[in-house]
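Engineer: Starting from the known structure of chain Y, fit chain R onto it as the hints suggest.
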Amino acid sequence: MGKYILKRCGYIVVVFLILSFLMYSLYNLIPTDPARQELEPMRKSLKGDEYQVMYQQLRKQMGLDDPLVVRYLRWMGLWKDTDGSFNGVLEGNFGYSNLYKRDVVEVIKTPMGNTIFINIFSTLASLGITIPLGIYCAVHKGKRFDSATQVVTMLGYSIPIYIIALIFMYLFCVLWRVFPIMGTKTPGMEYTSGWQEFVDMLYHIALPVIVMTFGSLGGMTRYVRSSMIDALSMDYIRTARAKGLREKVVIYSHAWRNALLPVITSILGWFLGIFGGSVIIENTFSLNGMGKLYWQGLNNLDFELVLAIQMFYSIVSLIGSLLIDISYGLVDPRVRVDK
Amino acid sequence: MKNKKGFFLARWFKRAFMGNDHEVRDIMAEEQVQTPFRTMVRNFLGKRTVRVGIFGFVIIFLFVLIGPRYWVLDLSEQDSTLVNLPPSQDMMNVPSELRGKIVDIAAGRTYGVGLDTDGHLHTWGYTRITDKINIADIPEEVQKADLTMFAAGDDHVVALDADGQLYVWGNTRLQQGNFSSEMKKAMKAKDETWDIIQLEASNQFSAAVSSDGTLYLWGNSNVADIKLRKQYQGNIAKVALTSNEYICLLKDGTVAYTGYKDKGSAFAAIPASLQDEKVKDIASTSTTVAAVTEDGRVIVWGNAKNNERDVPAFSSPVSKLYGGRFHYTALLEDGTVVSWGANKYHQCDVPASVAHGADIRAIYTGNFQNYAVMSDGSVQTWGLKGFVLGTDGLGRDLLTRIVNGGRVTMTVGAISVIIATIIGVVLGGISGYFGGKADLLIMRIAEIVGGLPFIPFAMILSAVIGSRLDPTQKMYLIMVVLGVLSWTGTCRLVRAQILAQREMEYVTAAKAMGIKERTIVFRHILPNVISILLVSMTLDFATCMLTESSLSYLGFGIPLPTPTWGNLLTGANNSIVIQQYWWQWVFPATIFGICTICINMIGDGLRDAVDPKSAER
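Chains as they are written, first to last, in the working numbering: chain Y, 1 to 339; chain R, 1 to 617.
A couple of the hints might just be wrong.
[As the list claims (entries may be wrong)] Below, a sample of chain Y positions facing chain R; criterion: calculated Cβ distance under 8 Å:
(1) 25
(2) 170
(3) 193
(4) 194
(5) 275
(6) 279
(7) 295
(8) 306
(9) 311
(10) 314
(11) 315
I should point out that these hints are in silico values taken from the structure, not numbers from a laboratory.
For glycine and all other residues, C-beta sits at the position ideal for the given N, C-alpha and C.
Extracted from the complex, chain Y is given alone in its bound form:
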């Protein structure tokens, strides 16, 4: 098992390097000139020749004329900078945000916390709902409840999440006024304790989490249901029943364990779907999260920020796939033997 995990980790590092290189070169397609930007305020006080000299000097200093690979490695912190030090992503320097006039690391601190919090919350909530629901539907296949669930889950994955968000906003914020429509905190509110702040935030993110959960119910419930039905139709289930085992044991111990295998493989895609979907949700609800920041960065051409957030998304997807692989190995002994 340890060897297997190591192998997967190595694979992930390679993929991360490839991905980040691709992202970096994509980012370099954009015609920007940091040296010129840097010199722009001084331009009037300098003579033409002086300006040219300083400009060339600065370009050299910034390493703008070096090959793409060198610049990439510098950015990653794997190559010496022009001043001889390593200063890149691996050293914790993600660059400077032009939009916020601060280091990217500082800018993304709070939004990252918010996004992870919201996503984990809604992932847990949806798993908590979909798995029991899927199992129940599989066991009671063809009954009225099952058919109703089929229809509702179909709605869930057919309707885009922002439309669900609009409908929920209309119902909960406009019609019944249960939840606030936007933001992560009550405007003008001063908190007396951390707990109060936390409760206020929970209150604000409740609706986005509900919407995300609702939107992600559909696919997963169907998947759990169908793999459970497959498992229940196996011969060993008949054997188990023939042995006189209780139905609960048959379902949860014999069938569910085997139904879990295909479910786990699909969880990654589904989890990433939730993460990607949070870009839409955060924008719709004006939440201070990575998705919103990403959107702002792209709209304002703040590409160092965008690149950092893109790295975040890639890392999330890679760690997600690592976790899935590990749990797959834990659940299915064959995987450990085969690889």
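Structural biologist: Chain R only, in chain Y's frame:
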């Protein structure tokens, strides 16, 4: 056998829409001779959800396919007077209490005001200006007053009573009701300087002309030129207001531009052909003015962008002229009525009963509306009745945008699915049939591409590559981006299928017969995979439409003003739109939701039909 296979799609559609072949067979016999394909089709069409899905999808598809011919999209279209109108068709519905008793009518922007013989004032059409201001809330003092004259502007109504008192209601926040000191003085004096003979209202400003030739102008001086050159005061016979300027007919029968904009105004250049003519009437649209000469000719000048200058040939001299927003309506001396100018809302389609020498008592023309009151008291109307699905924040017809947006969304969805399928089939085929290193490499790439969070990645591709493209190229870019990012599912599916089929006996047989590998893959294996491919294409079609719309919703898909079902909903996420302008999100959301649900129903049904095992689930 080969022949049958080749036409399977055609046969399928024949059976789907034209029923069975006409051979009569024994039921048992049919069961026995049925090919797997027939079983598939029967399973497919036998389900109610599938039939509902096909029905719904075909209707929406035809609507979106044929609709743009009737609701032609004009990308530059926008009109500040038609902003945020709710769905309605009653903009010209004169109330029944008013019919037959009409004394006077004033046609406003999207509403009408009418006075009946009992002195009651009625309003109709869309009278709401903001959520607080409503033209239909006629102030009590106005209800009681004995009105003699009134005029309807864009967002306010001006009325005059027999005592010479002026009333303004509607939107008065922009000084629409701010009378100047001279007016107040004249109003008090009540001599002939305040013997009002004409009252006009336009975009946030109003005008009154008294019998001694004094012109009073008041309202929002920031949008309109409401000053008058001194030398003309006391010499005015009639005034015509455009959306932010005005011209005057003087008492000596000449037309003069009397405002202060002079060189900046298109109206100041009064045509030379009017120099030695006597003018008897003037009228205006929002950007042009027109004069009727003594011998009944019409001359139009100004900024004519909507064919206002194409004055038709009249059967007799013009006696009276009225102006709407972009059109003119003329009453001729022989009683015929002619309209010309922009005809987008059919404001120039004069009904036959009015057009030819009917007995007309009066004509009233407003924004896009025309009313003709006949001598028997009945009212004939032509022009804009309203919008079936309302308008958006720029005054564009929502129905047109939904129809055309659907076409864009479906096209983008379809083409990106085709791109994804081609990539998926080729790579999946290579990786499945040849295996080995190619397989390993392709599957790793698929893993990476499939493992990326879709929406952020599509956003950055669209932003980085799309920044240098024009809107049409950007549309192609979105198709390619969606296709390139969503082929992994198809690739895996095809690979798995081919892996399974490769071990089948018919492939072994084909190999034994010495058939080339390429032929085996494409002629023997692929047809067996196609049914499953069709399922994934159907489901992917819905997914691609969803993704495109999500991207457009975020502003990284198809750029405005090209409509798609996604970017119609951009900006709908605030409480004002959600609550007050509900039609702007409910209709696009509904049709889009129904469309994707139908496609998913068809896809699910197809999957169940192709893979009978899944039907047992």
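Engineer: Which numbered hints are broken by the structure, listed smallest first?
Structural biologist: Of the numbered hints given earlier, those the structure breaks are 1, 3, 4, 9, 11, listed in rising order.
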